[in-house]
Structure formats: C-alpha cells, structure tokens
Amino acid sequence: GDSVTQMEGPVTLSEEAFLTINCTYTATGYPSLFWYVQYPGEGLQLLLKATKADDKGSNKGFEATYRKETTSFHLEKGSVQVSDSAVYFCALDRNTGFQKLVFGTGTRLLVSP
Amino acid sequence: GAGVSQSPSNKVTEKGKDVELRCDPISGHTALYWYRQSLGQGLEFLIYFQGNSAPDKSGLPSDRFSAERTGGSVSTLTIQRTQQEDSAVYLCASSLGGLAGTDTQYFGPGTRLTVL
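Same order as they appear, the protein sequences are chains A and B.
Take 1 as the starting number for the first sequence in this note's numbering and just add one per residue.
Take 1001 as the starting number for the second sequence in this note's numbering and just add one per residue.
Any given hint might turn out to be false.
Every beta carbon over 12 Å from chain A, so not counted as near; a handful from chain B, in silico [as the list claims (entries may be wrong)]:
| no. | residue |
| --- | --- |
| 1 | E1014 |
| 2 | G1016 |
| 3 | R1081 |
Rough simulated footprint, nothing fancy, chain A against chain B, three-plus residues with beta-carbon under 8 Å [as the list claims (entries may be wrong)]:
| no. | stretch |
| --- | --- |
| 4 | 1017–1030 |
| 5 | 1038–1048 |
| 6 | 1070–1080 |
These are calculated hints, taken from the structure and not from any lab test.
All C-beta atoms in this analysis are idealised placements derived from N, C-alpha and C, irrespective of residue type, glycine included.
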C-alpha cells in the first residue's frame, strides 16, 4: 500500500543553520505530496505542496521539490529560526476521489538561539 | 473566522466505556475527515464525509468505531467498549471538498484519548 517514510527526530539545530528533513514515498500512480507543520499547542497546518513531478512547493522560506525518480520530497530551509521549532509531517494523496492523506510519522525540529 | 474546533481536548476513560468525540468544522466546508495519531505512528485516516453522500468508512479499525455528521456540519466520533489500544490523539479536519489535487484540509487541535 501507499506509505511515507520520514527521518526520525528530533532534529536539533542552531538558529540560522540549514535544514533538511528527508521524506520518501511509495505510491502507485501520480500522487500529490504535502508538508504539514504542527506548532506547539496548535493544529496541523499545510506548509507547502506539489502536485506533479519536478514541481517545487515553497512557503515561509521552506522548499520541497517533487522528485519522481527518487520518490522523494525533502523539506529544506536555508536559515532556520527558533520559531520554526515544530513537528513536520510529510504526506501524500493518490489523487483518486477525495483527498485521502497518507502521513509519515513526523519529525520534530528543535531550534536553539 | 473560527477554525476547526474539537471537544473535549482531553478525555480519560476506563476500558470498556463508550466515548464520544466532537468536531465543529469550518463554516461552509462540505468535507470532513477524522484521523487518529497513535504514539510513534503517523496520522491514520479513519472516515470521510462529503455533503450528503454516504461516508467513506474504509479507515475505521473495527466495528466499535462509528461516526455521524448531523446537518452537514458537526460530527461525532463514537468509540464503543474502549480498549487500551484506542489511546491516541483523534484529529478532525475539514475542507471545501474540491478536487483532491487542489483541496486543502484544515485541522483541529485534536482530542487526546487515554484509556486506562
């Protein structure tokens, strides 16, 4: 079945460091790919998405490129801030019928000043 | 406008009891989803409602789980005869219900269920 694999956390960085959170997927067809973020005490929020191969999603300085050849959608940010501390979830949707999201286990990011 | 709200935020119950979890979606959203997040696992899809159509129950783990959506708005997830493995955070999301590739789900803060 469809699945999403994320790197285990926590990822601990100093402010202004470069961030990469790896995400790979297994799915038939041509899924859409998503990154969701959950800040402490808040609900999940859509961070960015890409709906086809080679698309790049971007938001708030974060980027991820849909790589079909490596079945990956790695999240990157050039310079993290303390306020980026959160749990990040990679997800896919097979684009058949309604949006039925399949999530990874989440990666906790901790950014220190 | 208000986001998706869920109640209660925390629920502790004894094994074998029934529980009801409530979700108030964003006004105007026709699609509503329930997910479960167990410790160390990703979010797991449970059930989907769209307008007045029959719900997609393909993610419900057992017949102890059921959900309804009254008047196309508020939804209740019911777990009967709770078991310890039901302990998890239950998340609700709503969306406008457009095409899968363009739709965006908005999540509530979740209900943390603990079964003793």
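Claimed clearance of chain A by E1014 of chain B, with the beta carbon kept past 12 Å: holds, 27 Å
Taking 8 Å as the Cβ threshold, is the statement that the stretch 1070–1080 of chain B is covered by chain A upheld or broken by the three-residue rule? violated (count 0)
Are there three or more residues in the stretch 1038–1048 of chain B whose C-beta lies within less than 8 Å of some C-beta in chain A? The restraint on the stretch 1038–1048 of chain B holds, since 7 of its residues have a Cβ under 8 Å from chain A and three suffice.
Distal placement of R1081 of chain B relative to chain A, Cβ over 12 Å: holds, 27 Å
Is the coverage entry for the stretch 1017–1030 of chain B by chain A consistent with the three-residue Cβ rule at 8 Å? violated (count 0)
Non-interface label on G1016 of chain B, tested against every C-beta of chain A at 12 Å: Answer for G1016 of chain B: holds, closest chain A Cβ roughly 30 Å.
Going down the numbered hints, you'll see the structure goes against 4, 6, while the others check out.
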